[in-house]
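Each chain is listed here by its residues.
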Amino acid sequence: MELDYRQIFEAMPCFLSIQDRSFRILDANERFRRNFGEFEGRFCYQVYKQRSERCEVCPVARTFRDGERHESEEEVRTLSGETLSVLVRSKPILNEKGEIVAAMEMSTDITHLKSLQKLLRASQKRYHTLFDQVPCYISIQDPDLNIIEANEAFEEDFGSVLGRKCFEAYKHRNSPCEPCPVQQTLDDGRPHTREEMVTAGNGTQRNVLVTTAPIREMDGSISGVMEMSADITQVRELEDRLTQLGLLIGSVSHSLKGLLNGLSGGMYLVNSGFAKGDETRVKKGWATVERNVVRVKSMVSDILYYAKDRVPNWETLSAAEVAGDVVGMMESRAQELGVALKLEDLKSAGEFQGDGQAIRALLANLVENSLDACRLHPQCDGHSVVLRLGGDAEKVLFEVADDGIGMDQETREKAFTLFFSSKGTGTGLGLFISDKIARAHGGEIDLESAPGEGTKFIVSLSREKPSPEELPSSPMIKGSTIHA
Amino acid sequence: MPDGQKTILVVDDDPDARDFFVTVLEDHGYATVSARDGNEALDRIGDALPDLVTLDITMPEKSGVGVYRKLREDEGLRDIPVIIITGVSDDFKHFISTRRQVPPPEGYLSKPVEPDQLLEKVRELVG
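In the order they appear, the protein sequences are chains R and S.
Here this note's numbering is used: the first residue of the first sequence is 1, the next is one more, and so on.
Here this note's numbering is used: the first residue of the second sequence is 1, the next is one more, and so on.
Warning: the hint list may mix true and false statements.
Examples of chain S residues toward chain R, derived with CB under 7 angstroms [claimed, not checked]: (1) 103; (2) 108; (3) 109; (4) 111; (5) 115.
Please keep in mind that the hints were generated in silico from the structure rather than gathered at the bench.
Think of the CB as a built atom: it goes at the ideal place given N, C-alpha and C, for glycine as much as any other residue.
Sequences are here, hints too, so could you generate the full structure?
Shown next as structure tokens:
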């Protein structure tokens, strides 16, 4: 039996030693000797840690003190200089009288386990850093759509969301969205992608690309869904701008082709008029050339106005003076078309705050539109365009009325839409820009028109510079009021 | 009208374009009728029975595409040659190429048009 115990002692897969009260090693197993060398006459702290005196915290010392088992984690160094992490357990060895005569110390090598733990901690930390720092919103929802985890980006833009429903946090809704990619993933366990419009805590709208992924338990059941939303607002804005730019180029090139065709026509009339000695034809041709050159100029100014998002340069303006300037600008054009351009009711208009250059461009566009409406009327002569002023204490009104071809319902509805033109040579910029200018001034343009009966634009602007809240954040979104 | 004189219907909403084409054609011995939109064009065609139509595409009221379809659907009018004259080249070509049942127009000119281009095409189609 004696031999059996010795064999077991030697074969134990740990470092096993017997120590006396002074921590001198009395016996040790084969594995201990192999790793730490001969122990005869040496102390535990010398062998394990190459120290000259005992360790401050020592499980063996505690066992001698209280007779109990103790354990601690330690780092020790082997003969070959390798540092090992060990789990140390100590237990007393009693004599027949029950007195503690020695202590047994068993040290299990847990170096591998420790390095795995370290790796795990590092990977958890990396995962958390990734979760928090990744430039998209990430939240984890439970099967009832409650947010149970959210990353920093999410909380920064949507506020404190833990415990709230995702549809509340993302969209300020009271009920789940339809369809809901999170619900779809809960139902079929597969990832889903959708583009959504969400509302951040400060009320701004964001375009996000949402991707969901199931979070599974060990048994494969779905315990939640991770929702990752990449903010693609800038991409969408850029896309919109590019689309608009494409439309602008298309519309401008169409319009330019029409104007160049007019110029070709004018040149033909001039050249053939000279060849025939027909002065009337020469004059008519030259007028055509001039008219089309003016239209090219006004088109260029519209394009420039469209290209720059101008902030009004506020100044005090006299409505009568502004209207007078516009009529002056447009008079020769009206004469050439045989249209009477009149200015009425100057007195009540008074002064107002606005960007003079922009307001003149706004009114010139309306007058030009009215002149075109007269030009396109089947009956050529006797038309008139009236620029009438008015207003009250708060508002100044400019009314541009013509007796031209008028607009049908579709044209009325689309009149202020970007790139819409009913004229073969229109860019679809003029009225859009007039509307944009009116809105940038906190005002609006009303439109009354019927086919064959003419058109009336009513521009109403506040006399005082409006406060920032009264101004549209994006004047390009809504159209003006339109009446039949 | 002198014997054998051909009549051409000029359809365009832009008065400058109408004046241009009408003058060029009349200077070269053709009779002309003009219309400023699609509806007027259909009225004039019925009355004047032109030998050829020059047709703009973008117009208020009825567009050139609508007029073209109507012409091709009408037994009595489908043989009148049509020259499309427009600034929106690609759109119309695309429109026609996606509709097999509508045959392509006999002529196609892109604005701005040179007088010789127009005359050459007209002579080719009606002499």
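We went through each hint and held it up to the structure:
1. 103: Cβ of residue 103 of chain S sits 25 angstroms from chain R, so the hint is violated.
2. 108: This hint is violated: residue 108 of chain S lies away from chain R, its Cβ roughly 14 angstroms from the closest one there, beyond 7 angstroms.
3. 109: At 10 angstroms from the nearest chain R Cβ, residue 109 of chain S fails the 7 angstroms test, so the hint is violated.
4. 111: Result: holds, 4 angstroms to nearest chain R Cβ.
5. 115: holds, 5 angstroms
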